[in-house]
Each structure stands twice: as C-alpha cells, then as structure tokens.
Amino acid sequence: ANGASFFFICLYMHTGRGIYYGSFLYLHAWFVGVVILLLVMATAFLGYVLPWGQMSFWGA
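Take the sequence shown: its letters are residues 1 to 60, numbered as in this note's numbering.
Derived by calculation from the structure, the hints in this document are not laboratory data. Since the structure is predicted, the reported quantities are computational estimates derived from the model, not experimental observations. The C-beta atom is built at its ideal place from N, Cα and C for all residues, glycine as well.
Derived Cβ-Cβ restraints for the label pairs, each shown as a range:
id: 1; residue 1: Val32; residue 2: Phe57; range: 32 to 40 Å
id: 2; residue 1: Tyr26; residue 2: Trp52; range: 39 to 47 Å
id: 3; residue 1: Trp58; residue 2: Ala29; range: 34 to 42 Å
id: 4; residue 1: Ile36; residue 2: Asn2; range: 19 to 27 Å
id: 5; residue 1: Ser5; residue 2: Val34; range: 19 to 27 Å
id: 6; residue 1: Gly3; residue 2: Ala42; range: 17 to 25 Å
id: 7; residue 1: Gly53; residue 2: Thr15; range: 24 to 32 Å
All chains, full assembly: derive it from the sequences and hints.
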C-alpha cells in the first residue's frame, strides 16, 4: 500500500510540474499523459475492489 501511495504522489507531482512549466501547450504529449493517468487510476481502483474481502466489499 505504501508503494502504491508513493507511486501516485510521484504521478501527481509529475502532473503538477507539467502544469507549472506549461507542458500542456504540447497537446499530444499532454493528452497521452492524461490518458495514462486515468488508466493508472482505473487500474488502482479495480485492484482495490476486485479481491474478495470485507475492505473491498465495502469499498465498492
């Protein structure tokens, strides 16, 4: 769980850096980055709710 949290902190810092330095002006790179971020968030959510346990049951 700590590794996943650290991974997301790094993702959000990377996104924030892109916003700060104006990287969103490169639309193709920005679009690909946002798609990857959404895919990672969906993967993390599905990994949280798929296992058959009480925490996953109530998380969904």
